[in-house]
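Here is how the chains run, residue by residue.
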Amino acid sequence: MSETLVSARGLVKRFRTRGGWLGRSGPDLKAVDGVDLDVRAGETLGLVGESGSGKSTLGRLLIRLIEPDAGNVRFEDQELTALPAGELRRMRRHFQIIFQDPYGSLNPRMRVGSIIAEPLTIHRIGADRKARREKVLELLDQVGLEASAVDKYPHEFSGGQRQRIGIARAIACGPRFVVADEPVSALDPPVQAQILNLLMDLQDSLGLAYLFIAHDLRLVEHLCDRVAVMYQGRIVEQAPTAELFREPKHPYTRALLDSTPSIRPGEPTPPAVEGDPPSPTAPPPGCRFHPRCPVAVDLCSEKQPGLLPEEATHRVACHVAHETNSRVRA
Amino acid sequence: MGVLLQIRDLKVHYDGPEGPVRAVDGVSLDVQRGETYALVGESGCGKTATALSVSRLVEPGRIVGGSIRFDGDNLLALTEKQMCGIRGARIGMVFQEAAAALNPVMRIGSQVSESLRLHQGLSRQEGMKRAVELLSMVALPDPERQARAYPHELSGGMKQRVMLAIALSCKPDLVIADEPTTALDVTVQAQILELLRRLKQELSLTVLLITHDLGVVAENADRVGVMYAGKLVEEAPVHDLFDAPAHPYTRGLMRALPGREPAAHRRLPTLAGSVPDPTAPPPGCRFHPRCPEAFEPCATREPAEIETAENRRSACFLHDPRHVSVGEGSA
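Those protein sequence lines, which keep their order, are chains A and B.
Be aware that the first sequence starts at 28, since it is given in my numbering, and climbs by one per residue.
Be aware that the second sequence starts at 33, since it is given in my numbering, and climbs by one per residue.
Please note that a few of the clues may not be correct.
Said to hold, decoys possible - Simulated DEER-style distance windows between Cβ atoms:
1. B:Asp174 / A:Asp128: 49 to 57 Å
2. B:Leu89 / A:Glu301: 29 to 37 Å
3. B:His184 / A:His182: 29 to 37 Å
4. B:Arg298 / A:Arg36: 29 to 37 Å
5. B:Asp174 / A:Gly53: 19 to 27 Å
Claimed, not checked - Calculated Cβ distances over 10 Å to all of chain A for the following chain B residues:
6. Ala132
7. Phe274
8. Ala276
Read the hints as simulated data drawn from the structure, not as lab findings.
The beta carbon of each residue, even a glycine, is placed where N, CA and C say it ideally should be.
With the hints as extra help, turn the sequences into a complete structure.
Okay, structure coming up:
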């Protein structure tokens, strides 16, 4: 097993909601509610869940783009959450992010060359402008763009090409960890395949670790070494990819897998799980999935199920699965 | 059976800064009564423009050629007033953005009964009663209460159920569903597709489904048309299409899907290049610059649609016996 690169313990992030009366604030929304998670060097860890499950917030917490309300994050032997701003900025070259929206995440008034050179300037990589320009050309080549892209503006590129620009910027200063937040969700399937291949090639050549945030389980199954499933701010299951897809233990994971349309016509379609995700400002007591869960028992509405420690290979937060497990062992 | 919707040589143009954009450039297809016909393709391929043409809602674009016959009537020859009598009554529509399609300041019940009152002359009271029945048909929980609610009080999935209730309110013959689940989470998408399949059975609907998701196609369609750059490049029954895609573009689309090929290869096979600029499509077959199998005629001449098997056609010179001798390239 490879070494742990990023390690989060007890992460909590609350957001104030508005909607109160006369400017009073509404109830707190716990976007991330007590998450332990490790990312190992060189691996791809998939983070799946539906909108509002907290997966993007968790991704941003791991690289301290936002501050947690509780818990800590370590990057190798550095405690990120305790670093002063200046040192954090110096550390940032080691962890980067790729955003979903290739239209919104690039400055429309900057030329591509400057967009990619910006992190090099900030981190004082390259001796002078000329050296940095060389590096930019090398990066463009690495992500499969023509050298002529350097003097163009983002609007001159297609969605897939813009995502390549975002990737070049993210790898510019040689990070070891990249949060890829739905990097292909806005792209058409053939373009998705091109970008996924690029991400895998870069991982092979640069030894990157990815947190791959996605809602499409077919992509996750193809790309990831391990997968964590989030529901309403908590990780409900985590396992090596093949195991999770072969033997999902949490009823929510099963619902997600059953809901993903099969690409083989004629395969029977499992019945859909009922109900909508609960309101994040008023989550149900106990297990947050219990109102929609087909196998819930009384305990599920009373007590929040725990997740095994991060060291376990297959972690699940479900009373019914725990019960089955202990019966199998007995 | 029998043909409910017949589209012939449809052409739709949009005005662009550099001249007309040929969004749909000569599409012909038949939708049989009782089937789900799926149109698939990438963004900008013209699938939505084709579907919107059926309800004559392509503005700011223009239908510049072709014909659309619906149950025998040529829709393009009707007056706008006559078209209003069909749209929403005999042709129901469901769009991707339910939130944008619903009126935010109108109660759900009034929106569901609106077309009933318009097309069938129901009174306010009768309309409301029928609206509650329709909401219960689309399995909206507590329909009496929800009929009095406003759209913002409903979740995304519930709003899409309301859209379905509206689309089905006048018992249409044809439902056009344009990316009906694209904006939804996967568990909610599964609920809506399940509902659509059930209602199609119960009400013997004909569905024209527009989607970019081949999984949605595999689970819901009877027949499939694949579009590329304004053209229909292949059409086949769903099983045949997935078992043996014929057109090189369809084959490329299928191969790029994760999980279709055994996971032995980490890299996904991709199509080289990107979709052409719609204002200046390449000459000949529009796919030829990206096609791994392009040969002599592809760059200069447009391929005709060839019937490759029963109920199957492909617009590719590989399948044209005049260009390929028997036994060669007949993949």
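Right, here's what the structure says about each hint:
1. Here the CB-CB span from Asp174 (chain B) to Asp128 (chain A) is close to 37 Å, at odds with the stated 49 to 57 Å.
2. Range check, Leu89 (chain B) to Glu301 (chain A): about 34 Å between beta-carbon atoms, so the 29 to 37 Å window is met.
3. At roughly 34 Å, the beta carbons of His184 (chain B) and His182 (chain A) sit within the given window of 29 to 37 Å.
4. One distance hint, 29 to 37 Å for the beta-carbon pair Arg298 (chain B) and Arg36 (chain A), holds here, with the actual separation near 32 Å.
5. At roughly 24 Å, the beta-carbon separation of Asp174 (chain B) and Gly53 (chain A) lies within the given 19 to 27 Å, and the hint holds.
6. The beta carbon of Ala132 (chain B) sits about 17 Å from the closest Cβ of chain A, which is more than 10 Å, so the claim that it is off the interface holds.
7. Interface exclusion of Phe274 (chain B) from chain A breaks down, the closest Cβ pair being 5 Å apart, not more than 10 Å.
8. No beta-carbon of chain A is positioned within 10 Å of the beta-carbon of Ala276 (chain B); the least distance is around 12 Å.
Consistency with the previously given hints fails for numbers 1, 7, ordered from lowest to highest.
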